[in-house]
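Trainee: Single-letter residue listing:
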Amino acid sequence: MVEVVGEQELVHLIEQGLSVAKVPQVEIVGLSKLLRVIRFANSTIHQPMEERNVSFFIRVLKDGKVGFSSVNGLDPKVLEEAIKRAEKNASLPQATPLIDRFADPKPVKSTDGYFEATGTTGSEALEEKVKQLFLRSKKGVSFAGVFWTMGAELAVANSNGVKLYHRWTSANCQTVATTGEFSGFSAQASPDVTKIKPEEIGDSAVERAIRFSESRELPPGEYECLLEEYAVAELLLYLSHMAFSADSVEEGRSIIGMKKGERVAHESVSFWDDGTNPLTFRIPFDVEGVPRKKVTFINKGIAADVVHDLSTAKRTGAESTGHALPQDYSEGPLPLHVEMGSGTSTKPDMIRSMKRGLLVTRFHYIREVHPLKTMVTGMTRDGVFLVENGEVVARVKNFRFTESILRAFTHVKAISKERKLVATDMDGGFPSAVLCPKVLVEKFTFTGSTKF
Amino acid sequence: MEEKLKQILRKLSDQGASYADIRLVERQWESILVKNDRLERNSESENQGFGIRVLYQGAWGFACSFEKTPAEMERVANEALKMARGASTAAGEKVTLAPQSPVQGRWKSPYKIDPFQVPKEQKIELLSASVKEMLIPGILVARAGLDFLKEKKIFASTEGSFTEQEFMYTGAGIESTAVEGEENQNRSYPNSFGGNFLQVGYEYLEGLKLVQNARRIAKEAVALLHAPQAPSGIMTVILDSSQVALQVHESCGHPTELDRVLGMELGFAGGSFLSPDKRGHFKYGSDKVTIVADATCPQGLGTFAYDDEGVPAQKTLLINRGNFEGYLSSRETAAKFNEKSNGTMRGDGWNSLPLIRMTNINLEPGDQSLDAMIKGTKEGLFLQTNRSWSIDDQRLNFQFGTEVAYEIKNGVLGKMYKNATYTGITPEFWGSCDAVGNKDHWELWGLPNCGKGEPVQTMFVGHGASPARFQNVRVGVGKW
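Protein chains in written order, with this note's numbering: chain A, 1280 to 1731; chain B, 19 to 498.
Bound conformation, chain A alone:
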């Protein structure tokens, strides 16, 4: 089984880089990944792939000026050249320093996020798992989707004595089952690939696809909605981009920054980020070597805090919460491990409590319409069902919605006890995921309809 780098070599390369740097303040981040992806469509494996990569991100601090460069590969000479470029960039005119110094060493909570089975499952074994999923077809349903696994390593060291290494794994399988006319969706994500059951995913997606043989067209408008975890995760992902980081507060686009301490959602609603939760793709420190803190964004409906990196912390007088990402990936800090607190309800209980409403499997192509109003638009996809008098009675054609996310979370009726990990991105070596429950909201505004 091929490994990307390994702790010894990755840390050695970084230390070698630090030793050749000509300036007192240097930070080097090594990020390696081995990604295996089996994409399938029309119940055929059509795009299997494997990627092996290692990247280094270098920052140099000189007289209050920061220079950055990045490079991939394991050649020490190439790394040295990249360090020289960062040094040169730190000599350019900069009116205001981004940071005063790199992070000092701090204790990091020890977490082992690496599952051997995930790291060593080869592409052939993954292909076999996908073939198991194909066997769950009923009534001519075909499958499209992806099964991926990733093993990753992050090493951070700087001139102040920070020296950290962590390896972790992530895996996700998701599928759209389609009859040609109707579709259903299902997914499972875990750091441990053995917890992912392709058969269950296939059965669940097929059940949603074939549940009714025709669909009703309903008018747009306000509906009571039971949002499955996939739909909740999509909303939280966009809310986190709009409002949960310190730079969004600085730029006047964060509702959390604008209404800190005020009620912005129902009292049953809490959102936070916890990079050390074993249920997620945990990473206990960020690329600046700062331990990840648990940060609560909304606490029982009240706007609370946002995530910081060293730069936003310096400007606002706060402390970094350990949410920095490399400059190549993000303009500021971002939460990668967003969670929503659970409730006490169950899906059958929530459905039974609905007089007339919709059961929404997932959303598609959500985009921000107005950040401070947390207004977004998007579509439903892969299974919308009408609930009447406590029973799911029909499939419904898809809707467009235009809604304030926090308005929806202000009208929460019930939250499920169970939570599910929903993978939201696999790219860049920092797979993100949202851990959330199902949520029943009293009203959700649909503004357009479709014929499918």
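It should be emphasised that the hints constitute simulated quantities derived from the structure, not laboratory data. Incorrect hints may appear among the rest.
[Stated by the list, open to error] Below are the BS3-like pairs computed for lysine-lysine, each with C-alpha atoms no more than 30 Å apart in a straight line: (1) Lys1730(A) with Lys100(B); (2) Lys170(B) with Lys1363(A); (3) Lys130(B) with Lys22(B); (4) Lys1593(A) with Lys1538(A); (5) Lys1418(A) with Lys296(B); (6) Lys1579(A) with Lys126(B); (7) Lys227(B) with Lys1344(A); (8) Lys1363(A) with Lys138(B); (9) Lys126(B) with Lys1356(A); (10) Lys358(B) with Lys1367(A); (11) Lys1341(A) with Lys138(B); (12) Lys1367(A) with Lys168(B); (13) Lys1730(A) with Lys24(B); (14) Lys1408(A) with Lys354(B); (15) Lys112(B) with Lys1408(A); (16) Lys24(B) with Lys1539(A); (17) Lys1344(A) with Lys150(B); (18) Lys306(B) with Lys1593(A); (19) Lys1676(A) with Lys497(B); (20) Lys22(B) with Lys1356(A); (21) Lys1476(A) with Lys170(B); (22) Lys170(B) with Lys22(B); (23) Lys1538(A) with Lys130(B); (24) Lys1356(A) with Lys24(B); (25) Lys100(B) with Lys1634(A); (26) Lys1418(A) with Lys130(B); (27) Lys24(B) with Lys1418(A); (28) Lys1367(A) with Lys112(B); (29) Lys306(B) with Lys1474(A); (30) Lys1408(A) with Lys100(B); (31) Lys1367(A) with Lys86(B); (32) Lys1356(A) with Lys100(B); (33) Lys112(B) with Lys1722(A); (34) Lys1476(A) with Lys100(B); (35) Lys301(B) with Lys1676(A); (36) Lys1474(A) with Lys1418(A); (37) Lys1676(A) with Lys168(B); (38) Lys1363(A) with Lys354(B).
Could you slot chain B onto chain A? The hints should help.
Mentor: Coordinates of chain B only, in the frame set by chain A:
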């Protein structure tokens, strides 16, 4: 290097691969962003590696690595073959490739000034001057950014193709954000989300006049804070050229991708309403609407000499005077219709499997001036610069927001509105197009952020467009 690649390919053929190709890609990025009083981003990145794609008994395998040693190249080739072998035992339709004559050639983006040779101090000075112009009372955030990408790509296949290409992309943009109370408004130039991107050199910036436009957009952002909410209802809209470009991208570019049409992207981005039975028989838009895919268009982000299957660049008719005519295709998808590929396969760097991607999807110019379109409008809105975009997984139901809207009343532009949105169904919307701006208004736009595939690949694509007018459009969506 050529001989080394040929050796690997020969070995794959000997092991039973019916086809294989290798791409070696080297990328050099420079990205500078000035935000208010600070140099927010000042980075140089280099990235290189190779990817090998293998077709074995009708199934694909792809593997890639950063490490270009002989041993690693052999390992990666074997891994790709192994994956293809595994996939070939799964049920399903087998891949065949449309015929393609082998090609050999070199190509380089034409440009005058290599941006990587321009002193950084000069670039930072340009951005800082633009930001300074934007920081007027009411502006909370002023941003100015530059991005340069140089890419070298070598392609070789078992069929004997061998090509070398070098691309130079340049992008620039400025943006002002005004905030007051619960209102947050943006204005950008020359386009939102980072500006405009073309396949040119630093000379592009000399004509762009970032500093000269900075104060104007800052004032407009501040004015938007107190502008009335855009109206709701059904009315005539005129879209500016950049918004037409995005409309083309979402509602014509993506649905004409033949892999989407054939269900190959159903698990992620979705399918397409433009099913094969509609080809040649479906009224996509009015007779004012002609849209082409043109990989030969000078300066476009989607311009090249050969795609990532070694197919020469082409200009293809997608929509002809409103009629749906053609798709964007690959060798695999074209073969299903007994056609040849029209050359749209591209991968995002060495570590991505090539997919069907838009090249330059251009709305051909019409015959109207913008003035004439406005004068010919009794009541409507002139919508400028994209702010948000969303479309369903079949590419029918869309909704866009723009940074600013202007009232049109009796042929005259009037007051400014904020938070403008419009929505529609693709063929109905393009069917309501009654005027397209002439070639004097036609501009080439570059979108550097087109996402597709899993893992998501971000592709550079181009769109040429003039302003265009649409009747009976629903505007002002949602509760404000």
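Trainee: Each hint needs a verdict: does it hold in this structure or not?
Mentor: Hints, verified against the model:
no. : hint                       : result
1   : Lys1730(A) with Lys100(B)  : violated, 43 Å
2   : Lys170(B) with Lys1363(A)  : holds, 23 Å
3   : Lys130(B) with Lys22(B)    : violated, 34 Å
4   : Lys1593(A) with Lys1538(A) : holds, 22 Å
5   : Lys1418(A) with Lys296(B)  : holds, 27 Å
6   : Lys1579(A) with Lys126(B)  : violated, 58 Å
7   : Lys227(B) with Lys1344(A)  : holds, 28 Å
8   : Lys1363(A) with Lys138(B)  : holds, 15 Å
9   : Lys126(B) with Lys1356(A)  : holds, 29 Å
10  : Lys358(B) with Lys1367(A)  : violated, 50 Å
11  : Lys1341(A) with Lys138(B)  : holds, 17 Å
12  : Lys1367(A) with Lys168(B)  : holds, 20 Å
13  : Lys1730(A) with Lys24(B)   : violated, 51 Å
14  : Lys1408(A) with Lys354(B)  : holds, 28 Å
15  : Lys112(B) with Lys1408(A)  : holds, 20 Å
16  : Lys24(B) with Lys1539(A)   : violated, 62 Å
17  : Lys1344(A) with Lys150(B)  : holds, 20 Å
18  : Lys306(B) with Lys1593(A)  : violated, 55 Å
19  : Lys1676(A) with Lys497(B)  : holds, 22 Å
20  : Lys22(B) with Lys1356(A)   : holds, 24 Å
21  : Lys1476(A) with Lys170(B)  : violated, 42 Å
22  : Lys170(B) with Lys22(B)    : holds, 18 Å
23  : Lys1538(A) with Lys130(B)  : violated, 51 Å
24  : Lys1356(A) with Lys24(B)   : holds, 28 Å
25  : Lys100(B) with Lys1634(A)  : violated, 54 Å
26  : Lys1418(A) with Lys130(B)  : violated, 61 Å
27  : Lys24(B) with Lys1418(A)   : violated, 47 Å
28  : Lys1367(A) with Lys112(B)  : violated, 53 Å
29  : Lys306(B) with Lys1474(A)  : violated, 55 Å
30  : Lys1408(A) with Lys100(B)  : holds, 16 Å
31  : Lys1367(A) with Lys86(B)   : holds, 28 Å
32  : Lys1356(A) with Lys100(B)  : violated, 33 Å
33  : Lys112(B) with Lys1722(A)  : violated, 47 Å
34  : Lys1476(A) with Lys100(B)  : holds, 24 Å
35  : Lys301(B) with Lys1676(A)  : holds, 24 Å
36  : Lys1474(A) with Lys1418(A) : holds, 27 Å
37  : Lys1676(A) with Lys168(B)  : violated, 46 Å
38  : Lys1363(A) with Lys354(B)  : violated, 52 Å
Violation of the numbered hints given earlier is confined to hints 1, 3, 6, 10, 13, 16, 18, 21, 23, 25, 26, 27, 28, 29, 32, 33, 37 and 38; the remaining hints are satisfied by the structure.
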